[in-house]
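Based on the sequences and whatever the hints tell you, model everything.
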Amino acid sequence: MTEMKATRDGYGEALVELGKTNPKVVVLGADLTDSTRTLWFAEKFPDRFFEIGIAEQDMLNTAAGLSLTGKIPFVSTYGVFVAGRAWDQIRTTICYANLNVKIGGAHGGVSVGPDGATHQALEEITLMRVLPNMKVIVPCDAIETYKATMLAAEIKGPAYIRFGREKIPVITKKDTPFKLGKAATFREGKDVSLIACGYMVCESLKAAEKLEKKGVSARVINLHTVKPIDKEAIIKAAKETGAIIACEEHQIMGGFGSAVAEVVVENYPVPMRFIGIQDRFGESGTPEELIKEFNLDSNDIVKAAEEVLEHKHG
Amino acid sequence: MEEKKRPDIKKLEKEATEIRKDIIKMLGEAGSGHPGGSLSSVEILTGLYYYKMRHEPKKPDWPDRDRFILSKGHICPALYTVMARCGYFPKEELMTLRKLHSRLQGHPHMLYLPGLETSCGSLGQGLSIANGIALGARLDRKDYRVYCLLGDGETDEGQVWEAAMTASHYKLDNLCAIIDRNRLQIDGFTEDVMKLESVKERWASFGWHVIEIDGHSIKEVMDAYDEAERTKGKPTMIIAHTIKGKGVSFMEDKAEWHGVAPKGEQIELALKELNMKPTKEQLEEAEA
Ligand SMILES: Cc1ncc(C[n+]2csc(CCOP(=O)(O)OP(=O)(O)O)c2C)c(N)n1
Ligand SMILES: [Mg+2]
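Line by line, the protein sequences give chains G and Y. Under this note's numbering, the first residue of the first sequence is numbered 1, with each subsequent residue one higher. Under this note's numbering, the first residue of the second sequence is numbered 1, with each subsequent residue one higher.
Treat the hints as calculated values from the structure; they're not laboratory data. Some clues are possibly wrong.
Unchecked claim - Partner residues are not named here, just some residues of chain G that face chain Y (Cβ under 7 Å, in silico):
| hint | residue |
| --- | --- |
| 1 | Ala55 |
| 2 | Asn61 |
| 3 | Lys71 |
| 4 | Gly84 |
| 5 | Asp88 |
| 6 | Thr93 |
| 7 | Tyr96 |
| 8 | Ala233 |
| 9 | Gly254 |
Note that this is a predicted model, so its numbers are computed, not measured. C-beta atoms are modelled at their ideal positions from N, C-alpha and C, and glycine is treated no differently.
Structure (structure tokens):
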């Protein structure tokens, strides 16, 4: 059986590893250190952990100051609170000056579950990717989150890593290649491409299997880096499969699918469909219920694939 | 702590007048910008750059330099002038303020101009950054100090008070902040827009050592910086009482001169006034 693990655990484990290997790494928390898994770092490296309290704007700029002294600060809280409440701090102090601040945005997507709309971040990909200098990574499982976090410490400048609350299947291995800005094809296919990020990679793989049974060959691309985006992989998918479905656990407007569409439309227009939140706020419920409620599950992807293929063959 | 040799106060007063003239000229040339808060903070900056701070204009990246974090970014004409006069960049460049491709952006951008510690312009953010630098200095066991200038209206921002808590929580005695208490913001007097008083008690109750001074007295400014450095176990806030638009009579104490550049005759009039400006000593002589 596939191992189940929350992406936030990958983040927490990577921070501990960074604590051991990179003395420049410091971590800041805003009264959510357990939930964001930064507690693990805080317990091992108390001198390099700064509790800032429930003060996200202050936390982001304190991190900015630490980065100006050569530290590599990781700040973490829920995506809504960091990308929303501290957006101006991220924009003007951090991104404008290309400061070396890393942001761990927890509780991305409706799969956060019962806490409901206030705690389900559905807009951060949009809010972060519009900022010059910002890099945006949405890893598909815990192992990839670990790699993304380790990588974030290496690259220069601001980076946003989005992760989730719930345990999800671990679909990559330690030796699965992971490179910033380089999409990974998880399944070959020639009729349609399912381009996904985060948990939706998993749903896309399920959808591809279902499609195969219906005689449709679907390619699945894990586009973990939303910015800088892998144009080549997207254009190749457009050319070779002639139809694309973008899948995200996030608002469609301005988000991941929009980023994919920007590349498609300009370089090689093919019919597209979007799986994602359709201009609604989240709801309370179990993660499984919510994935269905918001039309994010593999059956929704299958349906969208059939539609887009009809359009393609028009 | 060994106190630095004090520069001659009369010389610094003259320098302050020259700085004010440069501010008027560069704003006049730019055709826009913020004279009021630039003119009120001249002595605050002079005390730092000509006396208190350890810095090397020719080596702006010197790791052991004291840091100045401007939080109220709109008064950069004053900062640019002080930096140019200290030798960070050629004085002629001041006249490029706010022009296309200038290193002197309308609000400071650290990636364009060496010597700037941050990019700023969105109010309320500088004190948090200063905290982060002060924490970094402590981690590195460095003894450089961090200074941060805020506007009084700026302290309406909630983030300032978040930072006030963080600084005292972490006992950042390597940090000294200054409020330019010119009593005005854009929409009028601070006490009408959003009451700030009692500024002193508020900061003290947040755990800060508070010093109140006449922000146009070079001596009081230098004394306050020395007292801040001697203060251990808590951060220091200097409340510098100033006059917005200081030195140009028609700008003084007027909210209207917050963000409008002088033009034509106004420039000439302002410079003429500043040229005639008697020093404190001359005034005292005249009085005697
Ligand atoms: C976050 C933010 N809101 C609004 C502004 C617009 N603004 C620029 S200066 C200013 C007034 C500042 O007053 P104060 O802090 O007292 O500065 P000073 O009097 O020294 O010029 C405002 C509201 C801004 N720059 N940033
Ligand atoms: Mg003011």
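Against the structure, the hints:
no., hint, in the structure
1, Ala55, "4 Å, holds"
2, Asn61, "3 Å, holds"
3, Lys71, "6 Å, holds"
4, Gly84, "15 Å, violated"
5, Asp88, "5 Å, holds"
6, Thr93, "5 Å, holds"
7, Tyr96, "5 Å, holds"
8, Ala233, "31 Å, violated"
9, Gly254, "22 Å, violated"
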